[in-house]
Amino acid sequence: MRVRAQMSMLFHLDKCIGCHTCSVACKNLWTDRDGAEYMWWNNVETRPGTGYPTGWEDQDHYRGGWRRDRKGRLRLTLHSRAGGVARAFYNPSLPELDDYYDPFTFRYGDLFNSPHSEHQPTAVPVSKITGRPMEIRTGPNWDDDLSGSDIFAANDPSLDGVSETVRHQLQEIERVVFNYLPRICNHCLNPACAGACPSGAIYKRAEDGVVLVNEDKCRAWRMCVSACPYKKVYYNWSTGKSEKCILCFPRLEAGEAPACAHSCVGRIRYMGVLLYGADRIEAVASSPTDELISAQLDVILDPHDPAVIDACRASGLDDGWIAAAQRSPVYRFVKEWHLALPLHAEYRTVAMMFYVPPLSPVMSTVDDGLVDLAIEHDDDDDFELLSRIEHARLPLEYLANLFSCGDPAPIRRILRTMLAIRAYKRRQGMEAGFGADPASNGSGEGAAAVLDRVGLSEEEAEAIYHLTTQPTLAERFVLPPYHREVAMETINDPLQSKGAIGFGSRNAPKRGG
Amino acid sequence: MSNWVQERFDPAARRWEEFYRNRFQHDKRVRTTHGVNCTGSCSWEVFVKDGIVTWELQATDYPQLQEGLPPYEPRGCQRGISYSWYLYSPIRVKYPYVRGELIDIYRQAKRECWGGPLHAWATIQNDPELRGRYQRARGKGGFRRISWDEALELAAVSVVHTIATHGPDRVAGFSPIPAMSQASYAAGSRFMSLIGGVVMSFYDWYCDLPPASPETWGEQTDVCESADWYNARFIAVMGSNLNMTRTPDTHFLSEVRHAGAKVTVFSPDFSQVAKYADWWIPANPGQDTAFWLAVNHVLLTECYRERTVDYFFDYVARYSDLPFLVEVTDGKPGRCLRADQLATHAGTENGAWKLLMWDDVHDAPRMPNGSIGDRWAHDEKGRWNLELVDSVLGEKITPRLSFVDRHDEVVAMAFDAFDVAGAASPATVTRPVPVRTVWTVEGPVQVTTVFDLLMARFGVDRGLGAGSAASYDADAPYTPAWQERYTGIDRKTAISFARQWARNGEQTRGRNLIIIGAGANHWYHNNLLYRAGITALILTGSVGVNGGGMAHYVGQEKLVGHAAWGSIAFGLDWGMVPRQQNTPSFHYVHSDQWRYERGYRSYDTLPTDHPERFDHTIDHQARAVRRGWLPFFPQFDRSPLAVAAEARRAGATSDDEVVAHVVDGLKNGKLGFAIDDPDDPRNWPRTWFIWRGNAIGTSAKGHEFFLRHYLGADSTAIATEPDDLGVSEVEVRPDAPIGKMDLVVDLNFRMDTSALYSDLVLPAATWYEKDDLNTTDMHSFVNPMQAAVPPSWESRPDWDIFAALAAKVAEIGGDVLGQVEDVIMAPLTHDTPDELAQPAVADWWTGQVEPVPGRTMPKFRVVRRDYRRLHEQMVSLGPAVRANGVSAHGLTIPVADVYDDLARRQPDPGSGAGGEPPRPRLARGRDVVEAILALDPATNGELAHRAFQAEEAKTGLSLTPLGAGQRDVRMSFADIVAQPRRVLTTPTWSGIVAKGRPYSPFTLNVEHLVPWRTLSGRQHLYLDHEQYLAWGEHLPVYKPRPDHTMLSETEATRAEGQVGRLFNYITPHGKWSIHSTYSENERMMTLSRGGYPIWLNAKDAAELGIADNDWVELYNDNGVFVQRCTTSARIPRGTVFVYHATERTVGIPISPRRGKRAGMNNSLTRARLKPVLMSGGYAQFTYAFNYWGPTGVNRDTFVYLRRVNRPDY
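Chains as they are written, first to last, in the numbering used here: chain A, 1 to 513; chain B, 1 to 1209.
Calculated from the structure, these hints are not laboratory results. Just so you know, not all the hints are guaranteed correct.
As the list claims (entries may be wrong) - With a Cα cut of at most 30 Å, we get these calculated DSBU-like pairs of lysine-lysine:
no., chain 1, residue 1, chain 2, residue 2
1, B, K381, A, K217
2, A, K498, B, K28
3, B, K396, B, K381
4, A, K510, B, K49
Stated by the list, open to error - Which stretches of chain B does chain A cover? Using the computed rule of at least three CB atoms under 8 Å from a CB of chain A, they are:
no., region
5, 51 to 57
6, 140 to 154
7, 478 to 490
8, 1140 to 1149
As the list claims (entries may be wrong) - Going by beta-carbon spacing under 8 Å, a handful of chain A positions derived as facing chain B:
no., residue
9, D14
10, F434
11, T468
Predicted model only: the values in this text are computed from it and were never measured. Backbone N, C-alpha and C fix where the C-beta goes; we use that ideal spot for every residue, glycine too.
When you get a sec, could you build the whole thing from the sequences and use the hints?
And the structure:
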């Protein structure tokens, strides 16, 4: 068994603030330059909504990801009709600038330089590409907080299959709702971008699974842009190279979390090592749709299993990495607790970023113009949704379309688990902490009893609770030792590097170079 | 691995990866933070590469609080992380700028005048044509770069001219929220205080001050730090969009849900924070009051009538005013009964200021410790505490809450019913109240308890007879059924909410938390909204408890080291008495907004029988000044320097005789108050400094009136003055003045709206280019601001700018102005014995009482200034702080030894001559920070110990042990640079933070029996100030929202025709800015919609033919605003949102309607003051800066809206 390590990120969506601090951290660091203005390697979407680039999930249009042919073999969706070579020079599935946005700025200098005029000067909007005045019509986050929009939310591709009634309700006060979906490159085990690159410029780093576009080898075919179903590869019009999220590998190598994760002020992001069986990727990716998620979970290996540890060592993994895998918070959420799922597993890229789906408020009824929230529920539940999860404003079917190939069962189970832990901790506080009458917790049953309903032990509940609410930086981001000295040794003596590294002139890459 | 996926091992084949590694390499990381108006106080690391600030990321090394709480890291949001854009951006102010028209006139006048700069300036000011020429050019471009020297000269000339010609109180300075860059704020306020200028408040003007807090607790605002949310188990978020405004704290809310807390969010729109709610309660805008009143009805019924919850009962009996006795006067609630009314207690000191409760054991009234009369006792010291003991009789007290079971009579009491639909004036409802008769020295008096009044007011049926609400379904105030018509929320929801609130309060002993913000506080009747919620907290024992209470987060003012800071910021160290002005009154009067309305009588509601209900707001304002309730500057109809000189000429030989001369002049009419004739040119403010803020732009409610009356610039207001203004107390001049300000100076790092309209723009260092100090109430750490790079281009830190200005003023004006005496007028002040000044309201100018300074009228103090020493005083810490110590909350803390130690560490080279003690240097921002840290009890454990000693003397309680573990803690700048440091426990605040305990206000009061700084020493639900009785706001009540028919701001617009549809105009805090800062920043513009969109309900939009991203125009009589429109189902119908604090500098077109540059969000608003909030002279109703006074409400505005074709720029 060949074992590989993957640096994986987990997003606890229930906690996401929708603040976009992550996006700006990334932009400041990596894409604040010519040709990259429109790139948001990390973006945050309001959902339901159409996202960035607009409608990226519409694979009928963009033709990203993989499909399983009649013989059960994997095929790039992009190349399934016309061949790759034919498409090389005309690719109608390639997103255009308008699908992203025309980056803009303002002529701020006019405020200082305008001569005395009839009207107060104002800085007019101008295109960052042409420098000419423009009308702003779209942006990278255009449908921000636009719940219930009949333009954006209603056209969310992931609402397919959600009933017309529910879709209508989402535009009314009874059920209007939104949540946020932060997205970076999924650093897939079966990356379609790599599969589609005619130049062989895209590779997966062996030590940490980071997928990179080699800026020296890229020849601007842009097949990666089309083939990525998440639209997370971008073409830099200035350098003529494609670029994408690099999972902040220079930071990882320095022992720091990626900038997006570091800056996540909602504390929703976790980072850790996952071990996987490298020989089984194709089989996983070509599983029948209803088995995709379980197949993906199966390929993630138990880092405590002695056989896995042996295989790790045989595959050349450093003990420090194995130790990191054993402490990985991502592993716990994904594999031990089954609380997190990949985004759109049906794209068959075996995405390696995971999401804990969010709770949402209870629906209301509106009668005679009055809003009523007091829904009927079991009196002994502290949280109505524990017994009436179908009364959550975010439709389970919708979350299922995002995270579980359309099957609401895993979503329901995850949300009920979170609610049960909430009820458990509430009762526990009443029983122990607050100095009031222990009998007055109102439920009539002990704290632990509520966990039985979701099949959780107290130990598991406490562990989930702790990692959900109280993790320190070191618990959220369990980073492995990169041993850069060993990598460097293959090129140069580290002692020589110590004295010499950094000398020399930096040259920006040039188009076609 | 699939064969199409290349796996790469070989580092040699991946050498290109240095492409990205090179970018990440950096030269240094510097800890700093962001400095104004944002209350995050986040610790950041700024990354410097090649001498250029390239990006920032959060620091993550906050000390951990108690075990079991989530850590604070990381703190910092999308706005903060985009700050580095500003440093090198094209909107950065890099050099001093002046408007061309002005500098041409000035230079020419200097050439033509022999008398030098001062004479040149006087020539311009005396020539209406010249003055008008540069005033009309304001805001219209034409800036020119000038040298620092010439810029400082121009500013100094205007300052000196104003002082010499009109008086120092015609120079004003505005800067908001000092806590975020304390030295930078203090730079200007210290300069103002040393020259005798006016320091303008912000917290009340921004309407961030919750008046209900001083009303209830005698406290400006005191709230828990965000980590304490994690101790709550039921959280009601109301009018506070935490995701937007408390971004770095929001995780505590999302996390505490998983610890078992229930979360409800009150918001008319599905706001961002609603995503965390279990219940989202979309109550109609501004109607939360009705919901909470109904909740209280249920609480009183089910936890106080049907059964007794011991925890609640014990709590309200000790910590609230519910057991106190109230006189029944003419069948209505009256004054609280006083100790000096009882023969048994008549001899007690300050007996008129000690309240009574009923003792169950002796079945008689008793006087508990802790009333305000105990606080200011001279002889009977040490009884200001919450012991239930009668110190006269030496007996314990067992409080009786109600007379329901044992009364002499049931009185059918009349309560105002402000909410009766269709009634032109308020009606009354009659409710039965049990009373007892007390034999006082004046004879028999009927009394009841505050609790019985509360039960009656809320309509709880106690079987006392007709008048109460028969059931929850009765349509009577304040039942669950009654609230439906205001909130749009079903009664079942209100009842269910109340029961869960009660159950949680009981089970957790008060872990009920209201997180509340601008969405609630910016309504006209915000104090009533807050009091409704506060009542539900007090009734469930939830104040002064970790995890409980009223967490008001708007414009956080928490300057942790305020005792030390105040000495520096207001020149107390040089014996100055600062001129601190409540800005709402200042702008309402001086920007002439009062002239455009008939005053509060159009939109506030008073009981029918009150004589003042037909006067004008400005009448009340003028009376408040004369009574000593509010400050007002300018003070007199002439220079206060001239007034002092006149007194000396008339033979005054002492300060007391100078004051007597002033009082005599006011009494006999020889001397007038400026407020009595505000539009007289002698009474205009003349020179205005703005720093760290956007005073003309987003801080200007009634922005277009500012442009017209302050600046003389273009305005899009079309409002006209009513014919029948109905003003009786002040002079109304026939024509409102245009262009009152001689010079407006703005210190800024960006060209914002205020800078664009100022005459002189001085380049300020950014927050990454100076050293300063930063604290907040969102957390309990002390953070530094630190220069990552030197001030770029020609910019300078605010401290350096004001120090340079002080030198220039001394140079130009030192000999002209010389040594002078200045008479300062100040109102009756909170936390001083002034709280006992006025047991009754009486007017000296009508002869009701004698004018007695500090009793029936303002206080007057004589201050000596030497303008030649201005710079010297600015840059060194004066000896008065060494002699007098530092003060806060009525406590004085001796600091002489710390002062001397500081003087050794940072000696002022100009001091120490002639045997005087050396003074500490304050030459730079960092010196100021060191002084604050050294001299304040929050950062110096020894001083905290001394503060507790001072508090022990007042209370007779043992308190010094609270500071035992921290006594040797000292903090320096280097310490807080190394790591954020936690504040100390000190009685200058009310929370206990030892051993990592999260700060929660009033825990010191509840756990150690320190009284609140109120009339009774308890939390007040009942307010018996005469004005509150007159306004019918003695108890928590419902008053209807002012509507457009009352506000008279759409009449002229209707006359224009083509009006579109009328909407309520709401301006919540936004996601892509911190007030106006960051709003025009390219990052934030890109992530939003490249402008300041108007948010409209999708159905409303469709009916008006408006599609998403269409241009729309909002307008009323106050002005116009033009932007693109965002349509969404999450916005309630009939309401239009503009996320607040827009700039008019970026992408603002010409208004198709009014043909001028369309304005900003405050182009549509106007200041409306609530006179009851001007009350003063009485207990907690005494003035303090940013603490008390009317607030600048702005939520009640109505606008017309229509679609327009793409307009021109």
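Hint check:
1. Taking the CA atoms of B:K381 and A:K217, the gap is near 85 Å; set against the 30 Å cutoff, the hint is violated.
2. Simply put, A:K498 and B:K28 have alpha-carbon atoms about 18 Å apart, close enough for the 30 Å limit, and the pair holds.
3. The suggested pairing of B:K396 with B:K381 holds, with an alpha-carbon distance near 19 Å, which does not exceed 30 Å.
4. Restraint check for A:K510 and B:K49: the C-alpha separation of about 23 Å stays at or below 30 Å, so the hint holds.
5. Given a C-beta distance limit of less than 8 Å, the hint that chain A covers the region 51 to 57 of chain B holds, as 4 residues qualify and 3 suffice.
6. Here the region 140 to 154 of chain B counts 4 residues with a CB under 8 Å from a CB of chain A, which clears the bar of 3, and the coverage holds.
7. Check result for the region 478 to 490 of chain B against chain A: holds, 4 residues qualifying (beta carbon to beta carbon below 8 Å, three or more required).
8. Given as covered by chain A, the region 1140 to 1149 of chain B passes the check, having 6 residues with a CB less than 8 Å from a CB of that chain where 3 are the minimum.
9. Interface hint at A:D14: satisfied, since its Cβ lies 7 Å from the closest Cβ of chain B, which is below the 8 Å cut-off.
10. At about 4 Å, the closest approach between the beta carbon of A:F434 and any beta carbon in chain B falls short of 8 Å, and the interface hint on this residue holds.
11. A distance limit of 8 Å between C-beta atoms decides the matter here; for A:T468 the minimum to chain B is near 5 Å, and the interface restraint holds.
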